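Protein chains in written order, with my numbering: chain A, 1 to 143; chain B, 1 to 143; chain C, 1 to 143; chain D, 1 to 143.
Treat each hint with caution, since some may be false.
Same chains, same names: a pair is fine if it fits in one copy or spans any two.
Claimed, not checked - No farther apart than 20 angstroms at their CA atoms in a straight line, the calculated lysine to aspartate or glutamate pairs in the DMTMM-like style are these:
1. K108 <-> E134
2. K108 <-> D141
3. K72 <-> D141
4. K72 <-> D120
5. K72 <-> D123
Don't read these hints as lab results, they were simulated from the structure.
On a predicted model such as this, the values are computed, not experimentally measured, just so you know.
Protein chains: 4
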Amino acid sequence: MSTITLSKANRIISAAFAKGKELELAPLTVVVLDAGGQPVSVQRQDGSSMLRFDIATGKAWAALALGMGSRKVGAIAVERPHFFQGLSGVSGGRMVPVPGGVLVRDRKGAIIGAVGVTGDTSDNDEACAVAGIEAAGFTPDAG
Amino acid sequence: MSTITLSKANRIISAAFAKGKELELAPLTVVVLDAGGQPVSVQRQDGSSMLRFDIATGKAWAALALGMGSRKVGAIAVERPHFFQGLSGVSGGRMVPVPGGVLVRDRKGAIIGAVGVTGDTSDNDEACAVAGIEAAGFTPDAG
Amino acid sequence: MSTITLSKANRIISAAFAKGKELELAPLTVVVLDAGGQPVSVQRQDGSSMLRFDIATGKAWAALALGMGSRKVGAIAVERPHFFQGLSGVSGGRMVPVPGGVLVRDRKGAIIGAVGVTGDTSDNDEACAVAGIEAAGFTPDAG
Amino acid sequence: MSTITLSKANRIISAAFAKGKELELAPLTVVVLDAGGQPVSVQRQDGSSMLRFDIATGKAWAALALGMGSRKVGAIAVERPHFFQGLSGVSGGRMVPVPGGVLVRDRKGAIIGAVGVTGDTSDNDEACAVAGIEAAGFTPDAG
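Only chain A is shown next, with the shape it has when bound in the complex (with noise of 0.2 angstroms):
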């Protein structure tokens, strides 16, 4: 398995800013976790309001948690509001369940860590998730 270095880390994020750049985003807050569900590295751009790196933490971390994009996570927490409260619970209340939490994996598809946007619409959160993931070389999973 790949770890992902605080360089490729980094790399992630100044793509993932510069998609919301090329978009014309708002301000945006990204933050890369490990497999384990550790920060990297984080990064929350100027205007970015308070609760933003809680928020991306949020939407990493359930990707991690069920193994699927935190869209997937989303999906379930609309369709079975009882199971994803009981999910939240266990989890203590770490999970955002909605688009923006994109799975890293490496070459051989192995989780490796996650990475989670916020600032504009869940969709181009997701979509500056996916850039910064895809231009360090690795796999994203929107799922």
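Based on the hints, put chains B, C and D in the right spot on chain A.
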């Protein structure tokens, strides 16, 4: 009252994994709790995602908490969400109300523990828990 | 970086139990955590008391948290209790700072998980963790 | 009041890392918080252990909480442990009272954030925080 020995708990888990293999399921995490809700044995198959231990525990814990399979706890959560919200609150967020948490009863019908399984669909998870409990000579109560 | 497979984790635990039997120790609980602090395998021997899972986990988690064996974390706690109080706080009370939590290193020296043992004296607990890790072909770091 | 822009925060971190390299320190984690205690930028060097983000944050947060460097918070914790216990309690366990959390002051002396560093000895951690803050043109207050 009987208790679930470590030997029996490991028998439950190996049989649950065998059922999962037979049904060609995704990687599973299986937790065996004693009557007090403490782990006797826990095993997470390779590739089972980060929060799986907590999810499996939350299903088994919910079953013990109310004395019924987590399938029935899930029905309560769907029919009376305000009730489940209260239950979740007083439990400190420890309950996951979907199938896959199954009570273990001895020959006299006493509850001696619970098994929680997660990784595939909730119905498949439950089938593995039932198979494991039966293989160890106990009576499953999936509620 | 390697990972601790379920098969390897169970090998660690059976060897730790064998060491406990050889030394005629009290019933043990052994926890194997991955590099992110999540359980891979957990087994509690018959007669091992209620909180043993949490204690074993707390030792292994403390080792991973600071990148040193829980024996060394314990030395910090004794020498600088205010520092340990802070560490305990930011960890959400998850650290048990006594011997028995041992890092698992792969051939290149990378930390790939940790083993926590509890049930007998802390020194004996640690000896079992070390024996288990060695039996599985990894390098223990009880530091 | 000035604020710490993302650009300035990254300047602080790169200078802190440069100081660590110059002093041949262990891998570091550096956190830059704004005046409200929220992360602006966080970077964890390869090999920096699991809890390092929380430790670095706990040092910087402690500095902001009391308006003094975490070195001085540590002195309080040693001299009046009952007081620190109360502070830790009301903060929800968020304070790590050892050197390495340094206030960032602007030219008028206003507190505009704090930097937390962990990974080597507390004294070395603090030296890196100070070097980073100075390199970005702000005034460090290590208290």
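20 angstroms Cα cut-off: does K72 pair with D141 within a copy, between copies, both or neither?
-> within (10 angstroms within a copy, 31 angstroms between copies)
Homo-oligomer pair classification [E134, K108; C-alpha up to 20 angstroms] | within (15 angstroms within a copy, 28 angstroms between copies)
Copy assignment of K108 with D141, given that the CA separation must stay at most 20 angstroms | Intra 13 angstroms, inter 29 angstroms, cutoff 20 angstroms: intra-copy only.
Could you place K72 and D123 in one of the four classes (within, between, both, neither) given a Cα distance threshold of 20 angstroms?
-> Both: 13 angstroms inside a copy, 19 angstroms across copies.
Please work out whether the CA atoms of K72 and D120 approach to 20 angstroms or closer within one copy, between two copies, in both situations, or in neither?
-> Close inside one copy (19 angstroms) and across copies (15 angstroms); limit 20 angstroms.
Checked against the numbered hints above, the structure breaks none of them.
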